[in-house]
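Undergrad: Please take these sequences and the hints and turn them into a complete structure.
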Amino acid sequence: MSGFCAVFKRELKGYFATPVAYVFLVIFLFFAGYLPFREGFFEMRQADLRLFFNAMPLLFVFMVPSAAMRLWAEERKSGSIELLLTLPITVGQAVLGKFFAAWTFLAIALLLTCPLPMMVAYLGDPDAGQIAAGYIGSFLLAGGFLAVGSFFSAMTKNQVISFILSVVACAVLVFAGNPTTLNYLSSTLSPKMVDVVEGLSFQTHFESIVRGVIEFGDIAYFVVMVAAWVGACVVILEERKAS
Amino acid sequence: MRNVGRKNCIYWLTAGFALSFLEMSMIDVQQLRRSFGPIVAVDGISFKAEKGDVLGFLGPNGAGKSTAMKMLACFLAPDSGNATICGRSILTESLAVRQCLGYLAENAPAYNEMTVAGFLNFVCDARKIGGAARKKAIDRVVPLCSIASVYHQTIDTLSKGYRRRVGLAQALIHDPQVLILDEPTDGLDPNQKHEVRQLINAMAKDKCIIISTHILEEVEQVCTRAMIVARGRILVDSTPRALTAEYKCNLDEVFRKITSTKKTA
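Those protein sequence lines, which keep their order, are chains A and B.
Throughout the first sequence, residue numbering follows my numbering, covering 1 to 243 in sequence.
Throughout the second sequence, residue numbering follows my numbering, covering 244 to 508 in sequence.
Check the hints yourself; a few may be wrong.
With the C-beta cut set under 10 Å, the calculated list includes, among others, these residues of chain B facing chain A [said to hold, decoys possible]:
| id | residue |
| --- | --- |
| 1 | Glu356 |
| 2 | Ala369 |
| 3 | Ala376 |
| 4 | Thr397 |
Computed footprint of chain B on chain A, listed as stretches where at least three residues anywhere in the stretch have a Cβ under 8 Å from a Cβ of chain B [what the hints assert, rightly or not]:
| id | stretch |
| --- | --- |
| 5 | 85-92 |
| 6 | 131-137 |
| 7 | 156-163 |
Listed next, with one range per pair, are the computed distances between beta-carbon atoms [said to hold, decoys possible]:
| id | chain 1 | residue 1 | chain 2 | residue 2 | range |
| --- | --- | --- | --- | --- | --- |
| 8 | A | Gly231 | B | Asn434 | 46 to 52 Å |
| 9 | B | Ala360 | A | Leu185 | 52 to 58 Å |
| 10 | B | Ala391 | A | Val168 | 47 to 53 Å |
| 11 | B | Ala360 | A | Leu111 | 38 to 44 Å |
| 12 | B | Tyr490 | A | Arg240 | 39 to 45 Å |
No lab work stands behind these hints: they were computed from the structure.
For glycine and all other residues, C-beta sits at the position ideal for the given N, C-alpha and C.
TA: As structure tokens, then:
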């Protein structure tokens, strides 16, 4: 447990000790504010944050891998992994410590979008439950992408490669659930297979949470996704930490 | 009658424990082997080291010194063989081994964006040194490694010598019984080299230390044992004095004779 706490604390401080956190937060908050208005927030004349949450998957596809790419790639490149893993810390503790630190950082980024719900509350009478569900969904989505990102970060020493691979993997997992993709797939695959693809996609589960329905299946999807990618990250690090 | 039997039994048990404790070496390496693809980096080395030993690992580049040290520090898993450090196996009790071990890796890796203070505090966190013990530990290692002047600087602004001393401070912070130092004086200026050697000499009495080095005069000054390693095997395990006496020349020439004659053979 002390190993986990030490890594968590160091990693979270590490974001704010470098310009990484500030650049990330500025860019993220800019686009999080810009995208809903571009999509016609005022034209809708509705006091809700649907457009804001709809923009999240696309925004996260680029932003989350950029927060995740340094997790292990940098550690391996600079050789500090040799220091970290010769301290009495297990690989599992280190992976989880880093993962939760990055997730906390993303949660901070999400919390900083609070002017948007405040604005909506000022303009009208929004459904607070739905907004809360939207934030829960976004937080889980960030965790899912982060797990993918930390896996690819452990795969390579090069941050750029890790960034590109995780953007592609996240994009595939999101856009597999798009109606266009599913339509196209249904022309070649059997309906059962299309359902499987749809069920594996982040998009489907994210949308159903954002709609305000928090179902066990959707939460379980994110939990399994995070556990699987983080578990794979542990395995790959055990295998490749020294090479 | 029965009582006497029990007493005897306890007596023998304690005696046995004491004996086994005496026999147990601080470091006991048995047939450790590791290869990377077709290259055999460490080819079945075995040795023992006791408290008070300062063991110098000598060898040309690529001899397998660093690989052997990484295996002892539980960073690399061996392909076969085992080693025990403070009586704990590196294979099955790697956490316990890492707890009683101080390890300075080659090039002294550290987190560049942290300050020296933050870095040492992180190491204390990871090693469960808290409260008054932490203050005591930091007050001990900072003057010991003479890093007081850079204590609040970030690590990437430090010179190579200071970086290495921060690495050394990190390895010493929990006052380990066993120290493994991979080229601890590499990149230091002559004064700093001298200081590090003095530091090692001062600690030598109640610790078991392994250092790897290219610098042969260092071996003469610091080590109680010299092991010459080449192509993953231990070629010589002796004392620096015995080596120079045996070959009737200085250690430099001994090293060249041993590592090059074995190459042609």
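Undergrad: Does each hint hold? Answer for all of them.
TA: Now for the hints, and whether the structure bears them out:
1. About 5 Å separates the beta-carbon of glutamate 356(B) from the nearest beta-carbon of chain A, less than 10 Å, and the hint is met.
2. Interface hint status for alanine 369(B): upheld, as the beta-carbon distance to the closest one in chain A is roughly 4 Å, under 10 Å.
3. A hinted interface residue such as alanine 376(B) counts as satisfied when its beta carbon comes closer than 10 Å to some beta carbon of chain A; here the least separation is about 13 Å, so the hint is violated.
4. Of the supplied interface hints, the one on threonine 397(B) holds, with its beta-carbon coming within about 8 Å of a beta-carbon of chain A, less than 10 Å.
5. A stretch counts as covered by a chain when three or more of its residues have a beta carbon under 8 Å from one of that chain; for the stretch 85-92 of chain A and chain B the count is 6, and the coverage holds.
6. With 0 residues carrying a beta carbon less than 8 Å from a beta carbon of chain B, the stretch 131-137 of chain A misses the three-residue requirement, and the given coverage is violated.
7. With a cut-off of 8 Å between beta carbons, the stretch 156-163 of chain A has 0 residues touching chain B; three or more are needed, and the interface restraint is violated.
8. The given range of 46 to 52 Å is respected by glycine 231(A) and asparagine 434(B), whose C-beta atoms sit roughly 50 Å from each other.
9. Between alanine 360(B) and leucine 185(A) the beta carbons are some 56 Å apart, a value that agrees with the proposed interval 52 to 58 Å.
10. Checked against the hint of 47 to 53 Å, the pair alanine 391(B) and valine 168(A) passes, with Cβ atoms roughly 49 Å apart.
11. A beta carbon spacing of about 29 Å between alanine 360(B) and leucine 111(A) contradicts the range 38 to 44 Å that was offered as a hint.
12. For the hinted restraint 39 to 45 Å between tyrosine 490(B) and arginine 240(A), the CB-CB distance of approximately 43 Å keeps it satisfied.
In terms of the numbered hints stated before, the structure departs from hints 3, 6, 7 and 11, listed from lowest to highest.
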